[in-house]
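Chains as they are written, first to last, in the working numbering: chain A, 459 to 539; chain B, 459 to 539.
Among these hints, one or two may not hold up.
Straight line, CA to CA, 25 Å or less: simulated DSS-like cross-link-like pairs of lysine-lysine [as the list claims (entries may be wrong)]:
| hint | chain 1 | residue 1 | chain 2 | residue 2 |
| --- | --- | --- | --- | --- |
| 1 | A | Lys499 | B | Lys523 |
| 2 | B | Lys499 | A | Lys493 |
| 3 | B | Lys523 | A | Lys536 |
| 4 | A | Lys469 | B | Lys499 |
It should be emphasised that the hints constitute simulated quantities derived from the structure, not laboratory data.
Quantities reported herein were computed from a predicted structural model and do not represent experimental measurements.
Take a look at the letters that make up each chain.
Protein chains: 2
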Amino acid sequence: MATIVVEVMLKPEILDPQGQAVASALPRLGFNFAKAVRQGKRFEIEIDGEPTPAQIAQVEDAAHKLLSNPVIETYVIKVEK
Amino acid sequence: MATIVVEVMLKPEILDPQGQAVASALPRLGFNFAKAVRQGKRFEIEIDGEPTPAQIAQVEDAAHKLLSNPVIETYVIKVEK
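Next up, chain A with everything else stripped away, as it sits in the complex:
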């Protein structure tokens, strides 16, 4: 059993109010390490056995059609374990 991870982030040129909210909350809590914060989504997809290239291509297709909005978001696909 393997886990395929799809990480979806807003494109850099797209405003990210959630990330900005976190970035402005951090100093109020006494944390001054952050220059900028971006918030995105992470999907962990469990599959049977080792992922085949065909499955990865399917995940890529699903990431494009369902998990992300390609107009404003980018995604990265990773295989874990």
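The hints should help you fit chain B onto chain A, whose structure is shown.
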């Protein structure tokens, strides 16, 4: 400049309706690779220079206090680049 990534996922025993919605939408679109899907959050925190152990400890603290709800979520901290 480095990026510290905080990945926040619901604990395995916590119901994840967002992940379930994705898992049931995939077959409707013709994708049959997924056994289960979990959805979580991903924070990309930009910092100046290389992260120090003290900064990582601060991020850990912020992840616990602000970025996650430790009752129902777990987090993983990674340094990228």
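Against the structure, the hints:
no.: 1; hint: A/Lys499 <-> B/Lys523; result: 19 Å, holds
no.: 2; hint: B/Lys499 <-> A/Lys493; result: 19 Å, holds
no.: 3; hint: B/Lys523 <-> A/Lys536; result: 28 Å, violated
no.: 4; hint: A/Lys469 <-> B/Lys499; result: 16 Å, holds
Checked against the numbered hints listed earlier, the structure breaks hint 3 alone; every other hint is satisfied.
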